[in-house]
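Participant: The hints should help you fit chain B onto chain A, whose structure is shown.
Next come the chains, spelled out residue by residue.
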Amino acid sequence: MNLTVREALLGFRRWPALSALSVTTIAFALFVVGLFALVALNLRQRLTDIEERVEIVVFLTPGTPVEVATLAISDIEAFPEVEAVKYVSEEDALNQARTELVEFQGLYSELEANPLPASFEIRLAPGFRNTATVETVAERLRGLPFADDIRYGQDWVRKLDQLRGIAGVVGLLIGAAFALASIIIIGTTIRMSVLQRAREIGIMRLVGATDGFIRRPFLLEGCVKGAMGGLLAVALNFAAFFTINRLFHVAFFSTAQGLLIVAVGILLGFLSSALSVGRHLGRV
Amino acid sequence: MIKFEKVFRAYAKSLALRDVSFHVRKGEFVFLTGHSGAGKSTVLRLVYADLLPTSGSVRVSGHRTEKLSPRDIARMRRHLGIVFQDFRLLEDRTAEENVAFALEVTGVRRTLIQPKVMRVLTQVGLAAKASQMPRELSSGEQQRVAIARALVNDPFVLLADEPTGNLDERAARGVFQLLRDINANGTAVVMATHDLDLVRMTQYRTIELQSGAVVYDSAVDEQIAEGTLP
Numbered sequence: 204m205n206l207t208v209r210e211a212l213l214g215f216r217r218w219p220a221l222s223a224l225s226v227t228t229i230a231f232a233l234f235v236v237g238l239f240a241l242v243a244l245n246l247r248q249r250l251t252d253i254e255e256r257v258e259i260v261v262f263l264t265p266g267t268p269v270e271v272a273t274l275a276i277s278d279i280e281a282f283p284e285v286e287a288v289k290y291v292s293e294e295d296a297l298n299q300a301r302t303e304l305v306e307f308q309g310l311y312s313e314l315e316a317n318p319l320p321a322s323f324e325i326r327l328a329p330g331f332r333n334t335a336t337v338e339t340v341a342e343r344l345r346g347l348p349f350a351d352d353i354r355y356g357q358d359w360v361r362k363l364d365q366l367r368g369i370a371g372v373v374g375l376l377i378g379a380a381f382a383l384a385s386i387i388i389i390g391t392t393i394r395m396s397v398l399q400r401a402r403e404i405g406i407m408r409l410v411g412a413t414d415g416f417i418r419r420p421f422l423l424e425g426c427v428k429g430a431m432g433g434l435l436a437v438a439l440n441f442a443a444f445f446t447i448n449r450l451f452h453v454a455f456f457s458t459a460q461g462l463l464i465v466a467v468g469i470l471l472g473f474l475s476s477a478l479s480v481g482r483h484l485g486r487v
Numbered sequence: 020m021i022k023f024e025k026v027f028r029a030y031a032k033s034l035a036l037r038d039v040s041f042h043v044r045k046g047e048f049v050f051l052t053g054h055s056g057a058g059k060s061t062v063l064r065l066v067y068a069d070l071l072p073t074s075g076s077v078r079v080s081g082h083r084t085e086k087l088s089p090r091d092i093a094r095m096r097r098h099l100g101i102v103f104q105d106f107r108l109l110e111d112r113t114a115e116e117n118v119a120f121a122l123e124v125t126g127v128r129r130t131l132i133q134p135k136v137m138r139v140l141t142q143v144g145l146a147a148k149a150s151q152m153p154r155e156l157s158s159g160e161q162q163r164v165a166i167a168r169a170l171v172n173d174p175f176v177l178l179a180d181e182p183t184g185n186l187d188e189r190a191a192r193g194v195f196q197l198l199r200d201i202n203a204n205g206t207a208v209v210m211a212t213h214d215l216d217l218v219r220m221t222q223y224r225t226i227e228l229q230s231g232a233v234v235y236d237s238a239v240d241e242q243i244a245e246g247t248l249p
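Those protein sequences? They're chains A and B, same order as listed.
According to the working numbering, the first sequence is numbered sequentially starting from 204.
According to the working numbering, the second sequence is numbered sequentially starting from 20.
No wet-lab data here; the hints were simulated from the structure.
Since this is a predicted model, take the numbers as computed values, not measurements.
Glycine included, C-beta positions come from ideal geometry on N, C-alpha and C.
Far from chain A, by Cβ distances over 12 Å, these chain B residues were calculated: (1) E47; (2) S55; (3) G56; (4) S76; (5) R83; (6) R138; (7) K148; (8) L156; (9) N202; (10) R219; (11) Y223; (12) T225; (13) D236; (14) V239; (15) D240.
Using C-beta positions, here's what the derived DEER-type ranges look like: (16) B:D111 / A:A223: 15 to 25 Å; (17) B:K25 / A:A384: 43 to 53 Å; (18) B:A31 / A:A477: 20 to 30 Å; (19) A:M395 / B:R129: 27 to 37 Å; (20) A:L375 / B:R90: 33 to 43 Å; (21) A:G368 / B:R90: 46 to 56 Å.
Chain A on its own, in the form it takes in the complex (with noise of 0.2 Å):
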């Protein structure tokens, strides 16, 4: 076996508990920052689903021909923002409400007129669904000379944006506050273990190894840990998800992310051992 391999490996067998710490600790650190990913995953895809309802509806002027409408409709369809135009005639418009609004089903029959007016349902296409875009549109279709309102819910719109800037920011610096947490914790537990070993590197430079020699097998090491303190935190993030799960429906990783977070551990123990390593290296 590779002499590398073979000492990366030994560092298992030599030092089986201070190797499950390492392994645990990498596992905590990525489980928690897992844990903050599925809540940030579940809170964005919550985001998506009310994005999609983001659309604008434009109010047509009474007496408005349906010849002029639907020659609108292609010209609103060429807008780029636009996934899709309903026309809703007056009929429909009132159809709608007697199913929808079955509390006015009195008020229907009495009424001697149709009061509501036609109208375009708009739907914008994805990443297009905030508050400059819908704003823009609205104003392009406020020179329709027809359209006699425009509605597309302004201030929610404008939360919704809001609250998507809150949960990136905070999503960024919680994220980056755990990464940098974990890299520390990584970073002492690794240490530990090059220290148990600072008689072998000693001998191993005393004997002419070089540095990039010395450092191969603590590299390999950590990605090791790093790899195996993944795996277990995605474990453990299914467990938690599992359990959540069964009181209301959340979602889950994807196997690409899933493996993301594998990858993150490996790159963590492989930074944290470059530094340890290369610390003691420096020094000794």
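Facilitator: Same frame as chain A, now just chain B:
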């Protein structure tokens, strides 16, 4: 081969070596003597570039150590054998594995390792104990394993820092005889010791250090006597 020229070495608050100059030639046996703290270990550490001179120069095989890159220092050490008072063996490996370790970390092919290891273990008289752990060996035997490890890369010089310091008299004599045999085979030996009985047993060159300065070098005395001092 090893040349110190006006070497000063300072530590944080003290001067460990002052104006040290000497030259060790190929195949020579040199004692470094002096009290504890005289600078013997500092001289050896400067040779294997564990320390660099504060001023002056240390040349090993013609290369100034302060000009070598870390990689070059590692490569240079492959041609030096280093032995310490405390043996510095890996406790969880057999004698054979300890010796092999020196070859493995320098990337020697695996097929070549076993014969080389057995050759040096035979040379130090420990072939029969190759599979024993350091704790199963006597102090003298552990030092022999350390010497075998130092020899396995065929060094041109063996640097020994108080190699007999932890041994009883009999073991010390045995290890010293081993070093003499190694020297007789052409490897230079620089041995730091304060065991003057060992020094007096032979006619080897002696460099005495006192408070970091060379106060006596028998080679210089000989040159004076012969009228060959440059």
